[in-house]
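2 protein chains.
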Amino acid sequence: MVCGPSNPGPKKYVYLFEEGDWRNKKLFGGKGASLIQMTQLGLPVPPGFTITTEACRDFYAPRREELDKLVKELERQPPPEVRDKIIAKIWEIINSLDLPDGLMDQVREYMHKIEEKTGKKFGDIENPLLVSVRSGAAVSMPGMMDTVLNLGLNDTSVQGLAKQTNNEWFAYDAYRRFLQMFGKIVLSINEELFTEKWEEIKKKYNAKEDPEVPVEGLKEAVEEFKKIIEKEAGGFPQDPWKQLEMAIKAVFRSWMNPRAIFYRLMNNITPDIADCTAVNIVTMVFGNMGWDSGTGVAFSRDPATGENKLYGEFLPNAQGEDVVAGIRTPMNIEEFKKKFPELYDQLYGAAKLLEWLNKDVQDVEFTVERGKLYLLQTRNAKMTPLARVKTAVEMATKPALDKEYVEKLISKKYLPEKEGKLIAEKPTITREEAVLKVKPEHVLQLLYPRIDPKAKATPVAKGLPASPGAVSGQVVFDPDRAVEWAREGKKVILVRIETKPDDVHGFYAAVGILTSRGGMTSHAAVVARAIGKPSVVGAEDIVIDYSKRIFRVRGKDIEVKEGDWITIDGNTGYVYIGKVPTIEPEIIPELDTLMKWADEFRRLGVRANADIPEDAKLARKFGAEGIGLLRIERMFRKPERLEVLRKVILAENVEDRKKALEELVPMIRQDFKEMLEVMDGLPVVIRLIDPPLHEFLPAPEELLQEIYEKKMKGAPKEEIEKLEWLYKRVKALKEANPMMGHRGVRVGVTYPEIYYALAKAMVEAAAELIKEGKNPKLEIMVPQVAEAKEIVFVKKHAIEPALEDVAKEYGYEFIVKDKPGHYAYKTSDGREYEILVGTMIETVRACLTADEIAKHVAFFSFGTNDLTQATFSFSRDDAENKFLPQYIELEILPANPFQTLDTKGVGKLVEMAVKAAKKVNPDLEVGICGEHGGDPKSIEFFHKAGLDYVSASPFRVMIARLAAAQANLKEKK
Amino acid sequence: MVCGPSNPGPKKYVYLFEEGDWRNKKLFGGKGASLIQMTQLGLPVPPGFTITTEACRDFYAPRREELDKLVKELERQPPPEVRDKIIAKIWEIINSLDLPDGLMDQVREYMHKIEEKTGKKFGDIENPLLVSVRSGAAVSMPGMMDTVLNLGLNDTSVQGLAKQTNNEWFAYDAYRRFLQMFGKIVLSINEELFTEKWEEIKKKYNAKEDPEVPVEGLKEAVEEFKKIIEKEAGGFPQDPWKQLEMAIKAVFRSWMNPRAIFYRLMNNITPDIADCTAVNIVTMVFGNMGWDSGTGVAFSRDPATGENKLYGEFLPNAQGEDVVAGIRTPMNIEEFKKKFPELYDQLYGAAKLLEWLNKDVQDVEFTVERGKLYLLQTRNAKMTPLARVKTAVEMATKPALDKEYVEKLISKKYLPEKEGKLIAEKPTITREEAVLKVKPEHVLQLLYPRIDPKAKATPVAKGLPASPGAVSGQVVFDPDRAVEWAREGKKVILVRIETKPDDVHGFYAAVGILTSRGGMTSHAAVVARAIGKPSVVGAEDIVIDYSKRIFRVRGKDIEVKEGDWITIDGNTGYVYIGKVPTIEPEIIPELDTLMKWADEFRRLGVRANADIPEDAKLARKFGAEGIGLLRIERMFRKPERLEVLRKVILAENVEDRKKALEELVPMIRQDFKEMLEVMDGLPVVIRLIDPPLHEFLPAPEELLQEIYEKKMKGAPKEEIEKLEWLYKRVKALKEANPMMGHRGVRVGVTYPEIYYALAKAMVEAAAELIKEGKNPKLEIMVPQVAEAKEIVFVKKHAIEPALEDVAKEYGYEFIVKDKPGHYAYKTSDGREYEILVGTMIETVRACLTADEIAKHVAFFSFGTNDLTQATFSFSRDDAENKFLPQYIELEILPANPFQTLDTKGVGKLVEMAVKAAKKVNPDLEVGICGEHGGDPKSIEFFHKAGLDYVSASPFRVMIARLAAAQANLKEKK
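For the record, the sequence lines run as chains Y and R. Residue 457 in the working numbering sits at position 457 of the first sequence, and the numbers go up by one each step. Residue 837 in the working numbering sits at position 837 of the second sequence, and the numbers go up by one each step.
Calculated from the structure, these hints are not laboratory results. Among these hints, one or two may not hold up.
All copies of an identical chain are treated as equivalent in the list; a pair is satisfied when it fits inside any one copy or across any two copies.
Quick list of in silico lysine-lysine cross-link-like pairs, DSS-like style, CA-CA up to 27 Å [to be verified]:
{"id": "1", "residue 1": "Lys490", "residue 2": "Lys728"}
{"id": "2", "residue 1": "Lys500", "residue 2": "Lys789"}
{"id": "3", "residue 1": "Lys647", "residue 2": "Lys970"}
{"id": "4", "residue 1": "Lys456", "residue 2": "Lys337"}
{"id": "5", "residue 1": "Lys203", "residue 2": "Lys731"}
Turn these sequences into a full structure, and let the hints steer you where they fit.
Structure below.
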């Protein structure tokens, strides 16, 4: 996690903003690179330079190995007392480190260059140079590392600052703030010592707010603060060079402060992504020099709606920290435009130029000092999913600014002529780039309920967006009560400090889950995602008191009792008090456009898993090119059907079973017909019955309970005897491990009459539609195959007889095609309709003998859920409830393998199978219908593995389309 | 199953015994080859020739494809009405076939050669040549195909025969028999027509037995039989050439008669093993020409005891069919020797010569015609396991005959000089050949109880020996009653026509299983073998009447009622009435010798799976080189231990769990110590706890029942509440699929304290023995690993801490060796004891990531039971009870994959894993401890896959040693 061994020889550690290469973010950090870029574009940036991340790595090098080990130990989440010891050890080590040889010489040389540029002098009594010392790693780690402002102030230069600004109050206020900041950050003094002292002084001068303290008070504070530093750290360095050296060290050290370490662990920021921080030394500019000054942030497009206009806010007469403190309400960009029209144009021009060059929406920090604009940073903007999609599409279709305005900006030199013309004429990015810009998960968030943007609700806390969707519910603090209340028809949100396996019944009862502790891979997060409940986790400001059955919000005067309504937004991680209106999603036109492009760029087909016509309709709307998996099982949920199905299962001989099946078939045939009709012209894969049969029977324990209850009530004997018979049958059918028991094709082999009847119902549905002039594309899928002979058997004894019998029934010619698993019906007027027979590949052995199986089928569909279970020997139900969350927390597994395909194990089997199968049957159609079909990472893998399509749940169809396109585009790169 | 396309051009279909190559059994069949061999050795064989199997293949060629299809359909076991139609179709086809072109020309040419040799003439009135027409395929199919004797008799030649033999009665009796045989076999006439007519004639002449019928009666029978043939088949061919042609056809056809087809299906005789039958035309010799004639069979050694002496029997004045009919009791070989000392020597010489050349005990058929010996066939003898072992070892250690006797035989020309000398001086076979001769399963039979040979009991029926062991029990006809009676302490044998999955509870209750229907792979056979119960299946003479609760024995006046005692012998397939004494096995010295040789020849190590000291002692006695698997679980069967283990499992926090573990450890430590002590100096692999924890808890249903029963009885409230708490905990721990649930290393990861405590108990046991001067070789095994990080975690958090703590406790130096998973304790006097840590490879993912896992462990042990479950997605319990027997019957699977390794699937994983693992860790020790470790076929596979050892149940250790040697010897060939 820390820094590598240093190269021998003298090194260039320091670069003026004029000389670095802004593309090298790893060397200069994100902030440094942006300052370099803006400087080299001629945009108004205060003079300064960057100390490279290499310098920081060399700083750590002498003890790096030890530090890496300690971080590894932290990674294992030791108990608190151990953790504290490790952290103390880390502090001890990093406090002993020195800056690498020669670094301060280079810094001095470059500081002199800045002095030359600005005409100011470091520590000067007349015109002192003040600088900020800012951290900046290759990736943004907001708030995690340290920054020191106004460095260079001392008892001498404060006078210079007063002269310069003609404002003694301003100068001493800056000095006071600098002392406090330096004491806290560089010298690690407890900040409270300063704030307490400051409050004393404010009291003494009867000041309610800071600005009311007179200059004397500020001077007194300066003296008192120096005393504190004297006492706690042996004195404040009046030498600005000493200050600078200490501040650079402090920033380097901040890379290893515990919150930064944990942030990196949590966000998986490994050394190959960002290794140590750069340091940026920038001439101070002041936004708090009066009402013609101020500080703000501007986005080149609206990061919430995606609208193509300058967006942002500006706080006049303020420094960055004032914005954060939220003392005054900043003005919006429209007001800013009215007040500073020139600055607005200059800012807009700069933002659009940066957008054009960086090919993304920009988030620009700026300060205005006495009417002059300075840009302090630019970066790619974080946006809402909506804005992300909208901007990506607009940037790929329209010029970023209209001609007229561009001409105006060029004329004012706010845009260079060449780039300006291009900006007015051409789209900023290509369609391929647009498709690659949108994260597939963003699309999902556009499809889930979200907080109504018109609601103007203010969140009271923020956690991690663990599972998408916004939902309101009544707070409950324990899972048993959640179940109880849910039974009463209440919508409840389960609120826990953290959750454990014993709580899972509460998850099912709740509409959402909120925890105050834990990361994206905590138990709560994993389970919530697994069962699709909106969830916010690790909302640390939520302080729960189980004994009182309340929670408070840290820093706010809010108390929420059990039963009170709250709203959580799993898309953003926000928590709201009360019922906040949510809106159902609608597909914006830009999303539609994006998806069309994605369709052009992808090779993988995308189908949907859908069991009922409503889902199929939804899937078709979301662009599914067929049904990749229709599970018959869901059709038996209706009580009258379940009744008949139970007769099938409980039948003690073939005749009874056949009779019950005859009753069952017409019931489901209509469903099949509807599904095929909704997807008319597109393939529909219907799976023969898969789950263990006893899943459709009452649980033996329930029956036993019923029997005894009846006995105790003295119910009639026959009634009890009937129940006892049922109990006996159910017990006889019960299996030790139903997941690996008498199910799937094994039922088809032992009771071919069941597979025959089900196949017949499907084929009749298709035959009926053919008669009606429709174009059904039925694909019959056999599940759980482990041996080629199983498929041969059920084809011969169940499916082919069904095909033949229905053909006779409808007077179609039945054609057995030359290709394995291909059949067709030919109508009297010569139309031909193919019906395919294929198999689900969900046992390990099917993967290992894929070449044999491929000889007998038209298609494969990987059932990666069961395959993952078999590969790991993990029963999903048991694993997700009992040990998987802990496995992910301990990083024994990198992710839940039921969500993201385990490429090392399961993936290897998939690759082997595809390769072997396509070799013997090149026409074989190969898809995947497990849950992984909707997971972008997994989709990328399936693309590379050479599959033909993925099938995802309807809501994930768009994700899949996008991810498939991205996989293909990435591969082409 | 039938015969391939014919090659173009004229073919040689017919070979004199003098000209064929006797090694080519595929071309000449077994009988033909033996006649050829004996003829070419100069042994007395009646002149004759062989028609090749190729001729038969060409006979079938024109319709072969159709026939193969029909056989395939039969293979699928269609319902009876379908089966009958298929059989009728087969008959229709084969009756339409003609002999291949040119065959009869060649036959005629060779018949003339025989005429020349014998001076007899086919169909002659003076000195007619009579021949037998005998089938003979590459493998023996006893009684399955047809033979015609005395061919060449007609109204003319019968007179010739009478003259030749000077015995009119004899000639007409032969003619009568020939007509009946020809009618039945060649013309397919119902045999009853002949026997009824014959009975009529016997009545007419007042004859009780056949010999009492006078010549007139015989002549009358001949006329009547010809009439029957006239009526049924249009006439008897007087032309002997016509007879011959028809008989050859009939023998060819008999290859496809239903009983032959089913025999081949049942015994897996595929075309690569035997494809069509040869036909042997042999000059008739008559054993029924008086008291200086006769027929017999001789073995070159005793096939029951293995004793090295001529063994056999002889029926004077009789033909082969008389022996079968059992009219008179044959004389034993001693009597024969007394009566025919010369013939005895001649026969013994021939048998030993053939034994020497064929390197196996010979089973010789012979006939004596008027004092002259003729050999009609020789083949390798079928022997009892005892004899097989004894003869194999003796043939490899001692000369087959003593010098003196050999010299006598040489002088009499009963042995050629060269071979004779060798026979007297050298062992017949090498030790390697001896080891290859004994089937590993035979060894097993020597270890199971068998019928006391002194008992002189006569079996009443014979079925297939489905599962070894002899046992007596009371007959029950239904599984429920079996359970009931077993509960009452009775020993019962379950007798069923056939069994189905619903009967399995009866299997467990019974001491043995007998069925009247089904083959070696029928449900009953598969399940009986799976659970280790002696079983005889398919004993077709047992006629069961469920309604009367009796069985009768077909053809015998025996009725057995429910509750009567019977004895079955699963080693031989015999069924006895009453209690027949059985004897426990003892290891014969020859077995010991054989095993020593096997140990020299094998590369694979052999360990045993044993959980208790008694088993370990047995294993050591049987030659195990260590314990390959000690399952801790069995140590918890004792109630007081189970009690404490339950505390561990039910504990609601770490402290309670640790406390309970502290109680548990001393209890099992002593067991570990005993095991290590029994195996002192040999490795003992102890597996950390593996099964799902709730297996040790009461079943929730039982608890529920108890709660209600108590409630109904008005038991005290606290008692019920306690049970209710337990019920709730048990339910919370219950899993949907425990086999893939919270078990094995997953328990070690989530509750490291459990693995720590168990590891500590093992290590303490070893430490204690070290202190006592013993040499324990502990190997700690982690089960269910699916990911390398699991093993890393439990090593670090459980096993290594245990090793360190025990080292401190005993004052040993704890050494972490350079090789992964290798540790050692060093005593103060410098002795060093290695302790290894390894993993069971029983998940698919462990196989797929074996290279990663191998970096962290000293050994792998394949758990092929669980691996088979995971590869097939078959839960063994459920599969063997619900569908696996049917799978094997339908030949969807070739064998129970839990008994014989599925090389296509599971084997592929094993190979991949071994290869990948040894690449990164060449020192890795790789074994297998699943049930397959005791299965010869599987052992051969493991040998080839490069494993280091197999571990089998104690009783299978010898099998494993032998199979391992055979695998190595076969490979070297």
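Exercise. Quick check: which numbered hints come out false for this structure?
Worked result: Numbers 3 and 5 - these are the hints that the structure violates, sorted from lowest upward.
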